[in-house]
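> All chains, please: the whole structure from these sequences, using the hints.
Residue strings, one per chain:
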Amino acid sequence: MAGYIVRRVLQAIPVLLGTTFLIYFMVFALPGDPVVALFGEKTPPPQVVEQLRERYNLDKPFIVQYLIFLGNIFRGDLGVSFSGQPVADILAQTFPVTLRLAALSTFFLMVGGIGVGLISGLRKGGVFDASALVVSLIFISLPIFVVAFVAQYVFAIQLGWFRTTVGVGAPWQDLILPALVLATASFAQIVRLTRASVIETEGQDFVRTAASKGLSRNRIVPVHILRNSLIPVVTYLAVDFGTLMVGAVVTEGIFNVPGVGRTVYQAIIRGENPTVVAFVTVMVLIYLVVNLLIDLLYAVLDPRIRYAK
Amino acid sequence: MKIKRFGVAAIALAAAGALTLSGCTSGSPESTGEAGASTAVITTNSTEPQNPLIPTNTNEVGGGLIVDNIFAGLVYYDAEGAVHNEVAESIETEDSQTYTIKIKPDQTFTNGEPVTAESFVNAWNYGAALDNAQLSSYFFESIEGFSYDENVEEMSGLTVVDDLTFEVKLSQPESDFPLRLGYSAFAPLPDAAWEDIEAFGENPIGNGPYMFDGEGAWAHNERIDLVVNPDYDGPRAPQNGGLDVILYADLDAAYADLQGGNVDVLQDLPESALATFETEFEGRSVNQPAAANATITIPARLPHFDGDEGKLRRAAISHAINREEITEVIYSGTRTPAKDFTSPVIAGYSEDIPGSEVLEFDVDAAKDLWAQADAIAPWDGSFQLAYNADGPNQGWVDAVANQLKNNLGIEAAGAPVPTFAELRTAVTDRTIQTPFRTGWQGDYPSLSNFLAPIFGTDAGSNDGDYSSPEFDALMSEGLGAADVEAGIESFQQAQEILFEDLPAIPLWYTNTAGAWGEQVENVEFGWNTVPLYHQITKSE
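Taken in sequence, the protein lines are chains R and S. Under numbering that gives the first Met the number 0, the first residue of the first sequence carries the number 0, and numbering increases by one thereafter. Under numbering that gives the first Met the number 0, the first residue of the second sequence carries the number 0, and numbering increases by one thereafter.
These aren't lab readings, by the way, just hints derived from the structure by calculation. Model, not experiment: these values are computed from the prediction. Virtual Cβ for every residue (Gly too), placed ideally from N, Cα, C. Don't take every hint at face value.
Unchecked claim - Straight-line distance between alpha carbons at most 20 angstroms, and here's what the computed SDA-like set of lysine to any residue pairs gives:
hint	chain 1	residue 1	chain 2	residue 2
1	S	K366	S	I409
2	R	K59	S	A132
3	R	K59	S	T424
4	S	K366	S	P415
Said to hold, decoys possible - To spell it out: a stretch of chain S is covered by chain R in this simulated footprint if at least three of its residues, at any positions, have a beta carbon under 8 angstroms from a beta carbon of chain R; those stretches are:
hint	stretch
5	250–258
6	437–444
7	474–488
To be verified - Residues on chain R that point at chain S, a partial pick, calculated with CB under 10 angstroms:
hint	residue
8	G39
9	A87
10	I89
11	Y152
12	R162
13	P170
14	P257
Rendered as structure tokens:
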């Protein structure tokens with residue numbers, strides 16, 4: 000087990016290096032000069048532009064820029080934004096917010112999606128199953144910004160149950176509405192996956208054995224059926240966690256959440272390369288860590304899974 | 000000896016400004032501050048400042064809002080764009096070239112340092128020096144000793160006379176120099192700034208009506224909290240307890256917060272609300288022209304747009320655009336069809352400058368002019384209009400292209416460029432091969448600011464490389480006039496030349512569009528679209 004983890008962590012290093020290179024190259028290859036854009040509609044004096052290019056190393060060839068960037072990263076310096084704030088500070092401020100949003104959203108997905116999927120699977124073909132199908136189809140067919148605007152208008156502006164946007168420090172209660180909105184995007188997949196998996200597991204020999212052993216339904220459902228049905232669902236959640244972090248761009252804009260999506264979006268628009276690269280790198284890192292955790296979780300869910308030495 | 004006091008000119012300007020505005024401001028409140036100062040804090044929307052909050056490095060609205068409220072310059076602009084002394088006691092000149100500036104005694108920064116002549120001179124020298132690469136350095140280019148080619152630590156045109164007096168010598172007479180002094184780049188800086196300018200930009204210390212609510216009041220991407228500066232003793236005394244500026248990336252979120260009551264005053268509106276905000280916030284909204292305009296620039300280097308043929312084609316295009324229709328249909332009336340190259344809020348504005356008929360929608364005239372141009376050299380190809388697709392431009396560009404197609408019978412289409420940075424880069428290196436959208440937001444309320452930087456030969460923002468000796472001569476004449484008012488006539492004559500040559504085709508003025516909640520009163524928006532926050536009162 001320990002060896003497996005070490006191997007996975009070592010594998011992550013080339014992935015990270017490759018990612019930073021690709022992202023840096025893509026940002027570099029974007030046409031348009033961010034320094035010129037700093038001046039808006041006004042045409043800047045060329046001498047001032049030159050000075051600024053030099054300051055941000057934009058006057059050097061791509062590979063030199065990338066090596067400077069990489070060297071700084073090893074010294075723990077992620078660069079500064081145009082507003083003079085160290086990128087490391089921006090990371091420290093925004094990632095916790097988005098992580099909390101994504102975690103809350105995942106929590107809602109697990110409780111809502113798995114719960115509904117389980118009941119649908121156990122009572123397949125029933126009224127509940129049919130209505131769950133309809134509801135999840137509605138959610139999957141609505142673009143997330145529509146859900147977000149409607150939820151904001153109805154629950155925050157009209158009913159006043161929630162704050163319209165997220166307040167200072169992004170308290171948990173303000174994150175509930177955006178997290179629910181985010182959760183709707185994957186709700187249908189989780190419900191359908193869980194339902195299918197539950198139906199399949201229910202027909203397995205060990206479930207029938209458990210029933211014939213005289214175990215109560217209250218024990219069979221959570222321990223034997225649900226636990227064994229969760230592997231595909233958990234895999235999906237892991238993949239989805241990454242999507243949640245990235246897909247939060249729209250939701251974070253609408254609910255003014257001071258998180259990663261909003262910051263990266265703004266940085267791309269402004270051409271702040273260090274910010275973009277640092278954020279994407281950390282996103283990749285989180286994605287790797289979450290997937291490692293999920294792989295380890297498989298063993299807990301299904302004792303038959305063993306990790307190669 | 001002829002000594003002119005700036006204060007007198009300012010009063011005349013105020014009157015002129017009020018007259019031009021009276022036709023278009025219906026919803027703005029009439030009285031200010033009669034309820035007395037309240038202590039409630041006003042919340043408003045803005046965007047994350049793009050640069051550190053150093054006045055000479057702040058050139059966009061997000062930072063501008065903060066800098067304007069925490070710093071007090073020599074003069075300030077009222078709602079109509081008229082200039083009043085703020086820190087200045089007097090600004091005097093005999094020849095519009097050398098200005099003697101006296102500042103009021105006993106003014107302090109919020110760290111207790113006195114505001115002196117040095118505070119201004121040092122800040123301006125810092126802003127102008129090439130090595131500091133400040134975004135607003137070009138504001139100092141008319142001061143003697145300024146250079147783009149070498150680093151100048153101290154400009155020879157700035158002389159400190161005594162603690163409260165300094166002299167500014169310009170390299171040529173410019174009568175509108177005093178008008179510029181209310182722009183944030185001309186703010187004073189305390190000595191504390193020179194210890195660590197980067198750190199200062201994060202926690203600036205000013206002398207304005209508001210100040211930072213302690214260290215770290217700038218919570219990046221979230222908000223900036225300002226409180227009243229108790230030592231401020233000037234004309235912009237706050238009538239409220241402070242200003243919470245919430246930073247949004249998405250205006251729709253800000254609008255939802257106004258509807259939800261989390262924001263008191265919204266200084267911008269999302270596209271989605273343009274058609275409805277005036278009914279939804281009836282009596283609590285504003286929609287009036289501001290000191291900004293939109294134009295189409297057609298460089299003369301493009302085929303068919305040079306010489307007489309070019310003039311005819313430009314005039315034809317201008318006649319073929321139905322500005323009324325586009326401002327109504329696409330912008331729901333939040334743009335105002337242009338009548339000149341400046342803006343209605345600028346003192347001296349006139350909507351019937353000879354030659355401005357070229358802006359009228361007239362299909363027959365358009366067809367006729369186009370045919371005349373075809374007689375010189377037949378038109379071929381398609382008329383492409385470049386715009387940045389990351390901004391809300393596609394709607395109006397497609398509308399203009401369609402009108403040209405229908406009214407002139409030519410191929411016309413929008414040419415989207417993915418980002419603003421890309422468009423501006425192509426415009427700046429002159430690699431762009433099509434006409435393109437341009438716009439100008441006034442830095443200070445002066446006619447010349449809308450003309451000289453854009454149409455003067457080799458001027459900084461002359462994206463179309465327009466050059467007309469006659470225009471240049473009239474601009475110098477206007478700038479060299481005894482005072483701003485005396486210069487107006489020359490500036491308007493200069494515009495007559497522009498109407499003939501049409502280096503850029505004026506489209507419309509951008510309106511100030513904003514709304515506010517029931518809980519606030521005395522909301523008035525300035526000439527530059529920003530509310531005058533200090534005079535807003537809020538019931539508790």
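> With reference to the structure, classify each hint as holding or not holding.
Evaluated hints:
1. S:K366 <-> S:I409: Given that 20 angstroms is the threshold and the Cα spacing comes to 10 angstroms, the pair holds.
2. R:K59 <-> S:A132: This hinted pair holds, its Cα atoms lying about 18 angstroms apart.
3. R:K59 <-> S:T424: Satisfied, since the Cα-Cα distance of roughly 18 angstroms is no more than 20 angstroms.
4. S:K366 <-> S:P415: violated, 27 angstroms
5. 250–258: Held - the stretch 250–258 of chain S has 6 residues with a Cβ nearer than 8 angstroms to chain R, which meets the minimum of three.
6. 437–444: holds (count 4)
7. 474–488: violated (count 0)
8. G39: Check passed: Cβ of G39 (chain R) comes within 6 angstroms of chain S, closer than 10 angstroms.
9. A87: violated, 13 angstroms
10. I89: Holds, because the Cβ-Cβ distance from I89 (chain R) to chain S comes to roughly 7 angstroms (cut-off 10 angstroms).
11. Y152: Hint on Y152 (chain R): holds, closest Cβ of chain S at ~7 angstroms, below 10 angstroms.
12. R162: holds, 7 angstroms
13. P170: violated, 12 angstroms
14. P257: With a minimum Cβ separation of about 5 angstroms from chain S (threshold 10 angstroms), the hint on P257 (chain R) holds.
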